[in-house]
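Model the full structure from these sequences, guided by the hints.
Residues per chain, in single letters:
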Amino acid sequence: MHLTPVGLEHYLVVSALLFCLGVLGIVIRRNLLVMYMSLELMLNSANLALVGFSRFGNTLNGQIMVFFIITVAAAEVAVGLALIVALYRKRQSAHVEDLTSMKY
Amino acid sequence: MQATDIFFYVFAALTLLCGLMVVANPVSRNPITSAMFLVLTIISMAGLFVLLHAFFLAAVQILVYAGAVMVLFLFVIMLLDLNEEIRRRFNRFGVATGVISVAALGGLTLYTILRSGIGTGRTPQIEGATEPLGRMLFSQYLLPFEVVSLLLLVAMVGAILLSKKELK
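Residue numbers (our numbering), protein chains in the order written: chain A, 611 to 714; chain B, 100 to 267.
Hint data in this document are derived by calculation from the structure and do not stem from the laboratory.
Don't take each hint at face value.
Unchecked claim - The list that follows gives simulated cross-link-like pairs (lysine-lysine, BS3-like), each with its CA atoms no further than 27 Å apart:
| no. | chain 1 | residue 1 | chain 2 | residue 2 |
| --- | --- | --- | --- | --- |
| 1 | A | 700 | B | 263 |
| 2 | A | 700 | B | 264 |
| 3 | A | 700 | A | 713 |
In this text the structure is predicted, and so the values were computed from the model without any measurement.
In structure tokens:
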């Protein structure tokens with residue numbers, strides 16, 4: 611296997627693969643909590659791409675962006691998990707297949 | 100090959116492997132296993148951040164994600180019924196179509212990245228230590244910083260309101 615010196619490309623490939631894993635999790639898993647974790651995976655992959663661009667573009671702006679993304683993700687997780695708990699209390703289920711009242 | 104390159108491959112492999120275990124663990128479908136593997140993913144990603152010289156972000160990643168966010172996840176998992184997930188069966192058609200579409204998306208993204216000839220970019224000189232980041236945060240990005248603090252307050256109030264016994 612030929613291994614080139616690690617550059618921006620490598621980080622972007624890892625980020626893209628991780629994003630795809632996140633999408634896969636959203637598509638194939640039906641548990642709300644696991645889907646939410648996959649969402650976090652996707653956010654993290656975006657963070658990785660931003661830090662990579664920041665490093666190889668010689669600017670700190672990307673890292674500031676990642677800092678804000680992490681903060682917003684923390685807020686988002688707090689509200690999202692509170693919503694899931696509230697939903698579970700009403701329906702006794704955290705499965706998307708049981709939550710179809712808005713579908714019909 | 101430099102030592103940092105070896106570290107990159109190790110951390111990248113760890114990140115992707117643990118990420119795969121989060122979404123499609125062949126042994127267990129327990130959400131707690133997923134959460135634990137998500138912690139491992141986040142920690143190895145902090146390793147990648149260190150390799151990118153983003154030291155502050157690596158620390159924040161471990162403190163906020165692996166610490167606060169994942170503890171929140173585990174608390175909520177323990178509040179809910181776990182055995183539900185194990186009893187259910189996978190919808191095979193849904194899984195197959197999902198894997199195909201995600202593979203197409205991944206192939207397209209990888210093709211774009213590799214074709215763009217982005218290479219290694221400029222020679223990096225940037226250091227993401229705490230001091231330059233703090234300076235930027237409190238000068239150029241002061242307003243967004245304050246707005247984010249407000250956002251955290253709103254999220255806190257929202258979470259408390261939502262988890263009250265009766266929603267009014």
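List in ascending order the numbers of the hints, as given earlier, that are violated by the structure. none
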